[in-house]
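K.L.:
So the chains spell out like this:
2 protein chains.
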Amino acid sequence: MENVITPWDVKGDIDYDKLQSKFGVKPIGKVPKELADNILFSRGTIFAQRDFERIISAIENKKPFVMMTGLMPTGKMHLGHMLVAKQMVMYQKLGAKIYICVADIEAYHARQQSLADSKKIAIDDYLTNYAALGLDLDKCDVYFQSERSSDAKKTNSYYRLQNILARHASFKEFEAVYGEISPGKMISALLQAADMLHAQLPEFEGPIPVVVPVGIDQDPHIRLARDLVERTKLFKFVQLSSTYNRFMPGLAGGKMSSSDPTSFIALTDSPADAKKKINKYAFSGGQATVEEHRKLGGNPDVDISFQYLSYFFEDDDEKLNQLSSDYKSGKLLSGEMKSYLIDKLTNFLTEHHAKREKHLAAVTKKFS
Amino acid sequence: MENVITPWDVKGDIDYDKLQSKFGVKPIGKVPKELADNILFSRGTIFAQRDFERIISAIENKKPFVMMTGLMPTGKMHLGHMLVAKQMVMYQKLGAKIYICVADIEAYHARQQSLADSKKIAIDDYLTNYAALGLDLDKCDVYFQSERSSDAKKTNSYYRLQNILARHASFKEFEAVYGEISPGKMISALLQAADMLHAQLPEFEGPIPVVVPVGIDQDPHIRLARDLVERTKLFKFVQLSSTYNRFMPGLAGGKMSSSDPTSFIALTDSPADAKKKINKYAFSGGQATVEEHRKLGGNPDVDISFQYLSYFFEDDDEKLNQLSSDYKSGKLLSGEMKSYLIDKLTNFLTEHHAKREKHLAAVTKKFS
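Those sequence lines, one after another, are chains A and B.
Note that the numbering used here gives residue 280 to position 231 of the first sequence, counting from 1, and the numbers run on in steps of one.
Note that the numbering used here gives residue 192 to position 143 of the second sequence, counting from 1, and the numbers run on in steps of one.
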């Protein structure tokens, strides 16, 4: 299959080295202990960056910075989405102010979803999950694209930025970045650029380092926003920083996709459903029979259960390495790898659902 | 010269009957006394309309309605701009709420003018002129596109509308309406559609008849906004009404243009400068010599001084008819027609400048 990567589509096998050279991003390099302690960094899930030194410096010198991200409130929040949520929690603990944009205007244009439906999904699912994962929403600036703020000065300045940015981009550029465009996609792209940049307006934080952690497929958005920073001398924006994470693989391989429930574990899936999905759909790196597996061993690099353990569910490097070598040697069977993940996932989901229960009412009250 | 009419360009001689059939607008028809008393209506300066019955009905039944208009704060406010200003004053007296949009975002995209410059020009020139012409700005909703309101609910709903409308228009349509487009022109067009429609949002007046008086060259904007009303069933918008006025001719004929000071009389021109401009530039419908003029007579239909008297400066129909027949018969010379206009204009400008003095500080304070 052709390797297709645009913000709208990810298909085929991903060659991360090629991506780095194609998109011009840099390897993540050495990071300070505060970041290296997080398995997302230490295991290379976050593998590339642009201008990330600025953020490292802010962390090391305890200077203010912003982490900005968005959520598309269509479909269920799944493990793939947890990649960024984990980073929100981490950066908040490191002193960052977290900006979270609910992309309801983008959902309206790209998915024809009503603003009311977007609001409900954002609150019930995503925001409540963030709170349950340990994010203090009271310290974040969470907003809907269709309703920026209850402070008119902020609201005006946010949309003003969207309107002004239009002068500094061309149709050709939108097409080069997005492929086929429509007025809806174009206005969404401009709003998304405003999302990434407006934290630096005087009505918000003023010029400040901002990091936007994304999947590599989202880099065109970052590039456009960065180009706009270069061109609009009106504002004294600090150039955007970004980090890039690998795609969380779907259960059968490929990308985890909201539109295919057999590809993902949702954070609201019951442990029983999660177990069923793992057993039924999770691609295994093992051999066809137990005999062959014992003889030839399995391949943890393509084994989805091992991957999920590596992304999130096995913190302990030693234990993870043991699983890997036992799998390769044939000592650990595919079913055993699945069981190991299912146990971890069951604990996680059970605890997570209890935390959701604890937070749901407050989150609903705060954002309704 | 080819007859070119787009919102960006007006060239050549205008065939108003053809325009009516080409653009599908209807003749203005019979209007009630409240409107017929205004020479803009009685003399056919306002000559066409769409769905204007709704506004007539509101006037006759003393029901609420809105007049919406915009000003482009580039260059000086001149007599051509006074056409709409006179209508603001008239509709306000008839009970309409007047919405006035300062199109500073459009000026940013179409003329590369900074928002700060737009603000200064809007206040010093246009808004102060409106007040001097008798408009009660305290009863109007005057706003800048870059800063809709100090009420966040209103602000959010205005820009939300702009963003939502993008889904319901196509690039083809923007191209058909505007010719060549750019991201800036497109986002301006969407904002202008929001300008025309947002008065009907629940945060503003709710569904209500809205009339937008424009020059016929602006009809593509009206058509686009009306098409959007048909397509976005989300909102219970009453279909827009519009009226169309003839172009105020420039001093040498053609359109009065802000970018050519020899084509217009500004409302801030001194009476002495206005006199000089009339004498030097105003196209005359008279003959080359006094002798020929006495024998053949002049043509008031192309005489700019007579036109200006007809548009604004001679209220008295009988007197105007007398000027016309005396001109045709050769009794009245071109220089005398100019002198007649210059007297009227001198009185108008002198009084107008005194009124500007009276209003300037308050207008500046209100909008700065």
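Watch out, some of these pointers could steer you wrong.
Copies of one chain are not kept apart here, so a pair can be met inside one copy or by any two copies together.
[Claimed, not checked] Straight-line distance between alpha carbons at most 20 Å, and here's what the computed DMTMM-like set of lysine to aspartate or glutamate pairs gives:
(1) K282 to D166
(2) K234 to E224
(3) K368 to D66
(4) K188 to D364
(5) K203 to E252
In case anyone wonders, no lab produced these hints; they're calculated from the structure.
K.L.:
Does each hint hold? Answer for all of them.
P.N.:
Cross-check of the supplied hints:
no.: 1; hint: K282 to D166; result: between (38 Å within a copy, 17 Å between copies)
no.: 2; hint: K234 to E224; result: both (10 Å within a copy, 17 Å between copies)
no.: 3; hint: K368 to D66; result: neither (28 Å within a copy, 85 Å between copies)
no.: 4; hint: K188 to D364; result: neither (27 Å within a copy, 65 Å between copies)
no.: 5; hint: K203 to E252; result: both (6 Å within a copy, 18 Å between copies)
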